[in-house]
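Number of protein chains: 2
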Amino acid sequence: MPQYQAPLTDMQFLLHDWLKLDQHYDKLGLGDFDQELVNEILSQGAKFAEQVIAPLNREGDEQSCKLANGKVTTPDGFSEAYQEYIANGWNAMLGSADYDGQELPYSMAVPVHEMLNAANISWRLISMLTESAVLAVNKHGSQTLKETYLRQLISGEWTGTMCLTEPHAGTDLSLLSTKAEPQDDGSYAITGSKIFISGGDQDWTDNVLHLVLARLPDARPGVRGISLFLVPKVMVNADGSLGETNTLSVGSLEKKMGIKACPTCVMNFDQAKGFIVGEPHKGLACMFTMMNDARFQVGLQGLGISEAAFQGALAYARERLQSRAPQGVQNPDGKADPIMAQPDVRKMLLTQKALTEGCRALSLLYATQMDIEKSSDDENAKHSAAAVLAFLTPIAKGFMTDVGLEVSNLGVQVFGGHGFIREWGMEQLVRDSRITMLYEGTNGIQAADLVGRKLSRDNGDMLNATVAVFESLVGDIEDATSKEQAGQILKEWHELSLQLKQQSSIDLAGAAYDYMHYSAYSLIGVLWLSMADSANRVDNELVKAGKASTCAFYIKRLLPRKDGFQFNLLENANDLVDVADSLFDYQA
Amino acid sequence: MPQYQAPLTDMQFLLHDWLKLDQHYDKLGLGDFDQELVNEILSQGAKFAEQVIAPLNREGDEQSCKLANGKVTTPDGFSEAYQEYIANGWNAMLGSADYDGQELPYSMAVPVHEMLNAANISWRLISMLTESAVLAVNKHGSQTLKETYLRQLISGEWTGTMCLTEPHAGTDLSLLSTKAEPQDDGSYAITGSKIFISGGDQDWTDNVLHLVLARLPDARPGVRGISLFLVPKVMVNADGSLGETNTLSVGSLEKKMGIKACPTCVMNFDQAKGFIVGEPHKGLACMFTMMNDARFQVGLQGLGISEAAFQGALAYARERLQSRAPQGVQNPDGKADPIMAQPDVRKMLLTQKALTEGCRALSLLYATQMDIEKSSDDENAKHSAAAVLAFLTPIAKGFMTDVGLEVSNLGVQVFGGHGFIREWGMEQLVRDSRITMLYEGTNGIQAADLVGRKLSRDNGDMLNATVAVFESLVGDIEDATSKEQAGQILKEWHELSLQLKQQSSIDLAGAAYDYMHYSAYSLIGVLWLSMADSANRVDNELVKAGKASTCAFYIKRLLPRKDGFQFNLLENANDLVDVADSLFDYQA
Numbered sequence: 001m002p003q004y005q006a007p008l009t010d011m012q013f014l015l016h017d018w019l020k021l022d023q024h025y026d027k028l029g030l031g032d033f034d035q036e037l038v039n040e041i042l043s044q045g046a047k048f049a050e051q052v053i054a055p056l057n058r059e060g061d062e063q064s065c066k067l068a069n070g071k072v073t074t075p076d077g078f079s080e081a082y083q084e085y086i087a088n089g090w091n092a093m094l095g096s097a098d099y100d101g102q103e104l105p106y107s108m109a110v111p112v113h114e115m116l117n118a119a120n121i122s123w124r125l126i127s128m129l130t131e132s133a134v135l136a137v138n139k140h141g142s143q144t145l146k147e148t149y150l151r152q153l154i155s156g157e158w159t160g161t162m163c164l165t166e167p168h169a170g171t172d173l174s175l176l177s178t179k180a181e182p183q184d185d186g187s188y189a190i191t192g193s194k195i196f197i198s199g200g201d202q203d204w205t206d207n208v209l210h211l212v213l214a215r216l217p218d219a220r221p222g223v224r225g226i227s228l229f230l231v232p233k234v235m236v237n238a239d240g241s242l243g244e245t246n247t248l249s250v251g252s253l254e255k256k257m258g259i260k261a262c263p264t265c266v267m268n269f270d271q272a273k274g275f276i277v278g279e280p281h282k283g284l285a286c287m288f289t290m291m292n293d294a295r296f297q298v299g300l301q302g303l304g305i306s307e308a309a310f311q312g313a314l315a316y317a318r319e320r321l322q323s324r325a326p327q328g329v330q331n332p333d334g335k336a337d338p339i340m341a342q343p344d345v346r347k348m349l350l351t352q353k354a355l356t357e358g359c360r361a362l363s364l365l366y367a368t369q370m371d372i373e374k375s376s377d378d379e380n381a382k383h384s385a386a387a388v389l390a391f392l393t394p395i396a397k398g399f400m401t402d403v404g405l406e407v408s409n410l411g412v413q414v415f416g417g418h419g420f421i422r423e424w425g426m427e428q429l430v431r432d433s434r435i436t437m438l439y440e441g442t443n444g445i446q447a448a449d450l451v452g453r454k455l456s457r458d459n460g461d462m463l464n465a466t467v468a469v470f471e472s473l474v475g476d477i478e479d480a481t482s483k484e485q486a487g488q489i490l491k492e493w494h495e496l497s498l499q500l501k502q503q504s505s506i507d508l509a510g511a512a513y514d515y516m517h518y519s520a521y522s523l524i525g526v527l528w529l530s531m532a533d534s535a536n537r538v539d540n541e542l543v544k545a546g547k548a549s550t551c552a553f554y555i556k557r558l559l560p561r562k563d564g565f566q567f568n569l570l571e572n573a574n575d576l577v578d579v580a581d582s583l584f585d586y587q588a
Numbered sequence: 001m002p003q004y005q006a007p008l009t010d011m012q013f014l015l016h017d018w019l020k021l022d023q024h025y026d027k028l029g030l031g032d033f034d035q036e037l038v039n040e041i042l043s044q045g046a047k048f049a050e051q052v053i054a055p056l057n058r059e060g061d062e063q064s065c066k067l068a069n070g071k072v073t074t075p076d077g078f079s080e081a082y083q084e085y086i087a088n089g090w091n092a093m094l095g096s097a098d099y100d101g102q103e104l105p106y107s108m109a110v111p112v113h114e115m116l117n118a119a120n121i122s123w124r125l126i127s128m129l130t131e132s133a134v135l136a137v138n139k140h141g142s143q144t145l146k147e148t149y150l151r152q153l154i155s156g157e158w159t160g161t162m163c164l165t166e167p168h169a170g171t172d173l174s175l176l177s178t179k180a181e182p183q184d185d186g187s188y189a190i191t192g193s194k195i196f197i198s199g200g201d202q203d204w205t206d207n208v209l210h211l212v213l214a215r216l217p218d219a220r221p222g223v224r225g226i227s228l229f230l231v232p233k234v235m236v237n238a239d240g241s242l243g244e245t246n247t248l249s250v251g252s253l254e255k256k257m258g259i260k261a262c263p264t265c266v267m268n269f270d271q272a273k274g275f276i277v278g279e280p281h282k283g284l285a286c287m288f289t290m291m292n293d294a295r296f297q298v299g300l301q302g303l304g305i306s307e308a309a310f311q312g313a314l315a316y317a318r319e320r321l322q323s324r325a326p327q328g329v330q331n332p333d334g335k336a337d338p339i340m341a342q343p344d345v346r347k348m349l350l351t352q353k354a355l356t357e358g359c360r361a362l363s364l365l366y367a368t369q370m371d372i373e374k375s376s377d378d379e380n381a382k383h384s385a386a387a388v389l390a391f392l393t394p395i396a397k398g399f400m401t402d403v404g405l406e407v408s409n410l411g412v413q414v415f416g417g418h419g420f421i422r423e424w425g426m427e428q429l430v431r432d433s434r435i436t437m438l439y440e441g442t443n444g445i446q447a448a449d450l451v452g453r454k455l456s457r458d459n460g461d462m463l464n465a466t467v468a469v470f471e472s473l474v475g476d477i478e479d480a481t482s483k484e485q486a487g488q489i490l491k492e493w494h495e496l497s498l499q500l501k502q503q504s505s506i507d508l509a510g511a512a513y514d515y516m517h518y519s520a521y522s523l524i525g526v527l528w529l530s531m532a533d534s535a536n537r538v539d540n541e542l543v544k545a546g547k548a549s550t551c552a553f554y555i556k557r558l559l560p561r562k563d564g565f566q567f568n569l570l571e572n573a574n575d576l577v578d579v580a581d582s583l584f585d586y587q588a
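These protein sequence lines map, in sequence, to chains A and B.
Under this note's numbering, the first residue of the first sequence is numbered 1, with each subsequent residue one higher.
Under this note's numbering, the first residue of the second sequence is numbered 1, with each subsequent residue one higher.
Be aware that one or more of the hints could be misleading.
Chain copies aren't distinguished; within one or between two, either way the pair holds.
[Claimed, not checked] Straight-line distance between alpha carbons at most 16 Å, and here's what the computed EDC-like set of lysine to aspartate or glutamate pairs gives:
1. K544 with D581
2. K335 with D172
3. K255 with E423
4. K335 with E166
5. K146 with D98
6. K255 with E62
7. K544 with D585
8. K556 with D578
9. K66 with D76
10. K20 with D476
11. K556 with E571
12. K146 with D100
Bear in mind the hints are in silico, worked out from the structure with no lab data behind them.
With the rest of the complex left out, here is chain A:
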């Protein structure tokens, strides 16, 4: 089992030296948050992740969740860890101060979230969705709704869920059929069945607040007839105490490939009492407040798993003695050299490292844009940041989770046969990571969102704002060669994006996945050149030399992947759509 250690040095370098958080906070009027406070939060977060939840991860997978007599039980220690989490205020990091939240900048919370995911994504998932639910209620809920529920949701006294999917309606929510009937008291009776509800119930809290998409009686078909409702597990009395149990229940728990310690529930709503969030028929937009946050956070799951897999593989490669290295004996006192000496193993480790640190840089850059969008008093800056976030969200979700699968599989590969054995914990990372490419919109949907809403159907704001952010990074690069190279990557990507924008929707759909990866490899190439340039000016020799060598590796061995993804971008999709369905197999 790999011992997780939060990558504090890298995080601190990225936040302070690369992203210059002090200046960033000053500009946003967040001067109360300084380097010392950031480091303190990171170090406390690291302690919690390393000492409290990481040790529960392996055994949680073995125990998984149980459902008996309608009650869900999570693995040993999970609830206790959650009580510690909320008691120490971690759940409230981002919540509004109006409801006792701490309103920390995202750039402080995001690295802690990465740590939680690296330590135990099954455990993390429920609090993650609660945070996303907070956003939706805060932005779209009525004052009464907020007064009644937000404080407990922010503190973590209660948790939140996201009830979208039905058996016949996953990617395509227009097909959903859960019904909401208006009641005399202004509430709604919700009836229907939802599947894949993460944390649909648990044994951590007294109440669970379900955010449920459903149709009003007068709803038109399609996505414009969907409304959003808050449906508590237990009703809340006027004085805030808990009242009657609502008419909803857990139908069953899914048996899954991974994240076994997180209960994935079938939820049955039987005339359950719910309260509308936002306007009737405009529920999808409200849900997307929650969804967009969750998408980025799922990207952070991919990142966390990548870091955990890299650490596991690196520790093993340093210890495992097999064969001699082609460059000569490295461990003359031993019968063999550490496998870390093998060039092929080094390539796997550096691939893990370069992808993981590249994704971390992307996630923290994203976090600073969230800070701007939330806290800037310059309306243009806010608008631009929102545009950047819109553009980068599908990339962060789709790419960082694809990376999670690749990097965790490399982790298994470094372990050889032992990687396949459960007790080592490496195969669990592969299984756990696999869901991240699927939920909150499959990565194919992320790619479609990117080329559709974000590139071709936008007026250009999102692309332009994103280019501007990366241009500014390029502008700050001091080394002339790196600056030139980064500028070239960005220019090529920008030009190709503009060309792609002109393609038909069919061709775009065919090119979507490749464009998502082409964009990620290009943009992370810029980030690497920018990071390495910054690192060249810090005192820490390990950071300086580590970033330089990993950047060189990325540019030489990973950046070229973009060319493979770029190859067919401007080709049409005829080879995809013109093939008759019958030609996919040979069954007459």
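Given chain A's structure and the hints, the job is docking chain B onto it.
Quick look at chain B alone, frame taken from chain A:
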């Protein structure tokens, strides 16, 4: 759960129309085997795979194997299926006629083996290793050993295992420490512990024959001090009846990511009686007779899983209705179109199909070379075929199993969230496939073998013989454009291979994995152009048009991957080996 259907049409096309099996058999003096017999074997094999073992696959994963009181129990139905398998002679397909084997050509057995793997790799693994054990005993065993054991090993009355790995000796067998002490009766007392022993015991047969690597007292250190022993679970009396139980036992079963229905055992040998196979200290060469066969067969596991994943995804994509296709409504009577209409889903399906069929072509071409190596009376032809097999084995193992992981992951992706749920069976394919990249030499070891023994340290025979086989395929292409294109791919690959051969062993080690993939994408590109050209001359319109469109897809969207792998082939490995170990993380 995908319903497996053996791809008989494709197999028959490849064998009869593409590889022209009739002529091939005539040339080898195997004229007794004709098209009708081949088709009969394929169709009976399909029936067994589809109806007997495929239905056991999902439940076998849930039940997994148990060890109690020293006895291993496999899941329900597994033993019964095995009894049917051996009763119908399937185990004896390839065994020597001297010991009641059927000596079918490999080109008849290999497609059946693919089917078994597609249906249930956990079940298949034990008989697969038995077949490989047959080869080692047949080639290296004494006459007495053969008389005593081969008949039952070939019929499947007893099974065989491959006992190499020890906790501290996996990739590097030179470190193994299991001891063999000569006894007065000419036998050896074997003492030591072996791990990862697939089918180390089972509840299928009365006896299990372990092929064990161990050291004689006078052995020198390293791989030249290793000998091979046959160690039966139960001793065999002179009259062939079973006698005393040997002093060996199953220490434990590994808890694994996948192939849970196959018992992976820790085997303890405690002065167990064994018999030497081949010469003292030359055990590794004997084991490699077994290992090389097993490597190709593991490649077939990757292929089988790919086919199963493709079939599952295709069936689901045809049925699952979500959203409308960008090219216009496809299913006007339904609320949504099948997801198969989505260009991105089509791309995933065609990727699965093109990779799977390409690997199948490679496997059957390989099988015909095995036929030549075994049955030709032309010594040059035999020698060349052996050289081709030596060169292609690491590619077949390494690439076809990497493809297994990619294609099974695509299968999960097409299913969306449902792909993560166990009952659908798609995630099991990912978990089962994962071992194939690890056992019988990790894929990194395959790549090292390819650039080392097969390319740079060979006198050129292996590369030349391989080029000749592919040149002959190119020569047979009738369409001028395809011929030109295939010739160009082959020429480029050949030239780059010759250049790579000159690199230092360090640079080769750094380039190994990329070269394996570069080679596979290039060679399978030639196979696709050759197949599509053949298909153009068959009567079956589905085959003709299906191969044409899939070939076009491969050339457009998958062949370019070779450029990514080629990019750094002739670069040095300095960026890998010169990075100080301390720079892989930032822990001071």
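Checking against the hints above, which ones are violated?
none
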